[in-house]
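Participant: Listed below are the residues making up each chain.
Number of protein chains: 2
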Amino acid sequence: MLHKFYIMSLLTVGTMAYDALETPFGKTDRILGGAATYIALSASYHVEKSNIVSVVGADFEQPHLDLLKSKGADLEGVQIIKDGKTFFWSGKYHLDMNTRDTLDTQLNVLADFNPIVPEAYKDAKYLMLGNLMPSIQQQVLDQLPQRPKLVVLDTMNFWMDNCWDDLVEALKGVDVLTINDEEARQMSGEYSLVKGAKKIMTMGPKFLIIKKGEHGALLFHEDQIFSAPALPLEEVFDPTGAGDTFAGGFIGYLAKTDDISFENMKRAVIWGSAMASFTVEKFGTERIAELTNEEINARLEEFKSLVSVDIQLV
Amino acid sequence: MLHKFYIMSLLTVGTMAYDALETPFGKTDRILGGAATYIALSASYHVEKSNIVSVVGADFEQPHLDLLKSKGADLEGVQIIKDGKTFFWSGKYHLDMNTRDTLDTQLNVLADFNPIVPEAYKDAKYLMLGNLMPSIQQQVLDQLPQRPKLVVLDTMNFWMDNCWDDLVEALKGVDVLTINDEEARQMSGEYSLVKGAKKIMTMGPKFLIIKKGEHGALLFHEDQIFSAPALPLEEVFDPTGAGDTFAGGFIGYLAKTDDISFENMKRAVIWGSAMASFTVEKFGTERIAELTNEEINARLEEFKSLVSVDIQLV
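Just so you know, the sequences run in chain order S and A. Quick note, the first sequence lines up with residues 3 to 316 if you use this note's numbering. Quick note, the second sequence lines up with residues 3 to 316 if you use this note's numbering.
Keep in mind that the hints are not guaranteed to be accurate.
[What the hints assert, rightly or not] List of simulated lysine-lysine pairs, BS3-like, C-alpha gap at most 30 Å:
| hint | chain 1 | residue 1 | chain 2 | residue 2 |
| --- | --- | --- | --- | --- |
| 1 | A | Lys197 | S | Lys94 |
| 2 | A | Lys284 | S | Lys284 |
| 3 | S | Lys201 | A | Lys214 |
| 4 | A | Lys71 | A | Lys151 |
| 5 | S | Lys29 | S | Lys124 |
| 6 | A | Lys214 | S | Lys208 |
| 7 | A | Lys29 | A | Lys127 |
| 8 | A | Lys284 | S | Lys201 |
| 9 | S | Lys284 | S | Lys29 |
| 10 | A | Lys201 | S | Lys94 |
| 11 | A | Lys200 | S | Lys214 |
| 12 | A | Lys200 | S | Lys197 |
| 13 | S | Lys306 | S | Lys200 |
| 14 | S | Lys51 | S | Lys174 |
| 15 | S | Lys197 | S | Lys214 |
| 16 | A | Lys151 | A | Lys51 |
| 17 | S | Lys174 | S | Lys84 |
| 18 | A | Lys214 | S | Lys214 |
| 19 | S | Lys214 | A | Lys94 |
In short, the hints are calculated from the structure, not lab data.
Kindly produce the complete structure, drawing on both the sequences and the hints.
Facilitator: See below:
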């Protein structure tokens with residue numbers, strides 16, 4: 003059993019979804035997915051309780067609600083639309099696992115989602131704006147009477163293409179932005195990630211995390227850069243949810259330790275990377291829902307030996 | 003002035019060349035290049051003297067020979083073919099700087115290169131087989147009366163495509179192989195670098211370094227993995243010679259410290275990465291030929307802060 007600090011102040015907005023996936027290793031029908039799902043499961047290894055704002059349809063299965071509750075998710079903020087269907091996404095990954103084709107997207111209840119933050123959630127100290135329409139991310143932030151200690155926003159190229167102005171507006175209220183390397187290039191118009199990061203950090207976020215998949219992640223803050231490796235894996239089985247899992251491990255660690263210094267964010271990036279390295283080992287949430295302390299510690303030890311070096315100057 | 007150990011036992015075989023380069027930032031006519039050139043310049047920051055086996059034509063300019071000599075290169079093993087021309091390569095880099103088109107290759111004196119290791123070089127303790135025809139790499143190794151303490155071989159996809167059998171034969175006598183990620187996939191037939199590395203380490207090399215350009219490098223040995231970052235740069239001006247510079251910094255550091263443990267190889271990988279990060283800042287050898295102690299130490303400090311993290315277990 004993990005030793006957890008009881009902090010009630012992690013609030014996550016994000017999708018709860020069903021995904022149908024195809025990878026070079028196999029395929030699935032409708033399995034549990036969605037950014038808020040992965041974030042909550044990943045953060046559950048740090049925080050006793052996390053508050054979720056999301057929306058599902060009547061088809062969302064009770065065992066999936068039960069799983070999230072058993073992991074400390076508070077679902078008061080999850081709207082269940084009686085005559086609606088849960089957001090559905092279907093995709094197929096290429097051999098490199100870094101690129102994928104979307105086969106089907108059914109927004110369903112997400113199309114009219116009007117997020118409502120319950121009163122009990124409004125003292126949130128840590129706010130995770132999971133990958134979603136920027137205007138919805140903004141609405142959640144706007145409902146909080148006082149600004150959280152830390153606001154983390156995850157987004158993707160789709161919103162840059164389709165809701166650029168809303169995204170730029172939302173970024174103004176954000177402390178940490180997480181995107182991948184191609185998205186950082188798209189957002190900044192700079193090929194160099196260092197130049198791009200500098201530009202993006204003038205748009206609102208004081209910290210930027212650039213996720214590079216199998217190549218790890220870069221954390222930027224002012225003139226500081228931290229490079230976190232990804233764990234080299236024998237097999238990446240299914241990358242779905244890796245970014246959300248990263249975000250959940252990252253903000254969960256920060257919420258637990260309640261320390262938002264650059265030094266502690268580096269540790270949080272390693273935690274996020276470690277959690278993401280589990281997610282990709284099986285389909286969907288299978289792996290991230292069942293971890294033990296021993297497995298997590300063994301993985302963190304792997305990260306330690308992966309980066310440990312005693313650099314000698316001239 | 004660097005404090006250097008006087009070890010006469012680093013031997014490098016490789017090309018000495020003229021390159022004409024085009025990058026998104028500019029172009030050059032015939033500038034000094036070649037694997038042995040970059041390796042010797044990079045290693046010169048560790049070793050007083052390095053022995054070179056190579057070949058050039060009568061067109062190879064005296065100032066370039068003088069530059070190499072001034073950096074401690076012994077050129078007794080460099081054949082100067084009076085009626086021949088120096089190897090010439092011309093290439094154009096794409097915007098991502100990871101891919102390039104070869105515009106022209108003139109093998110010239112390289113076509114009939116018959117490497118001869120001078121007597122004075124034959125006690126080599128550290129042998130760097132720079133990127134070249136595998137059969138030539140093999141001939142150099144075969145001329146040494148006793149096996150060096152460490153043999154490092156660098157190669158590329160071109161030799162895998164055209165001289166596979168010779169390459170496989172040469173690999174049997176090698177301790178450390180350095181290739182890039184695509185080449186590791188091609189050589190092993192495995193997409194996963196972890197699986198690929200395991201397979202390649204059954205072919206001869208006990209250590210494998212996979213170079214990933216802007217994403218750093220991975221060092222494999224038995225079940226151990228070390229992940230070295232690349233320094234995130236504002237601008238990669240010209241990647242030519244980065245891999246050779248890496249190799250020179252790597253083997254130079256090992257020759258200086260005379261320690262081939264995994265722990266020390268990790269430090270050597272950081273040294274190689276640091277030296278390569280200089281090379282790409284200007285065209286050709288311009289940057290690597292002019293470094294000061296202060297610049298190198300400052301760069302190593304950047305690597306330190308880039309990777310330093312105090313990972314906390316659960």
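Participant: So, for every hint listed, does it hold in this structure?
Facilitator: Tested hints:
| no. | hint | result |
| --- | --- | --- |
| 1 | A:Lys197 / S:Lys94 | 23 Å, holds |
| 2 | A:Lys284 / S:Lys284 | 45 Å, violated |
| 3 | S:Lys201 / A:Lys214 | 25 Å, holds |
| 4 | A:Lys71 / A:Lys151 | 25 Å, holds |
| 5 | S:Lys29 / S:Lys124 | 40 Å, violated |
| 6 | A:Lys214 / S:Lys208 | 29 Å, holds |
| 7 | A:Lys29 / A:Lys127 | 39 Å, violated |
| 8 | A:Lys284 / S:Lys201 | 24 Å, holds |
| 9 | S:Lys284 / S:Lys29 | 11 Å, holds |
| 10 | A:Lys201 / S:Lys94 | 28 Å, holds |
| 11 | A:Lys200 / S:Lys214 | 24 Å, holds |
| 12 | A:Lys200 / S:Lys197 | 37 Å, violated |
| 13 | S:Lys306 / S:Lys200 | 29 Å, holds |
| 14 | S:Lys51 / S:Lys174 | 28 Å, holds |
| 15 | S:Lys197 / S:Lys214 | 16 Å, holds |
| 16 | A:Lys151 / A:Lys51 | 17 Å, holds |
| 17 | S:Lys174 / S:Lys84 | 35 Å, violated |
| 18 | A:Lys214 / S:Lys214 | 12 Å, holds |
| 19 | S:Lys214 / A:Lys94 | 26 Å, holds |
When the structure is compared with the earlier hints, violations turn up for hints 2, 5, 7, 12, 17 and for no others.
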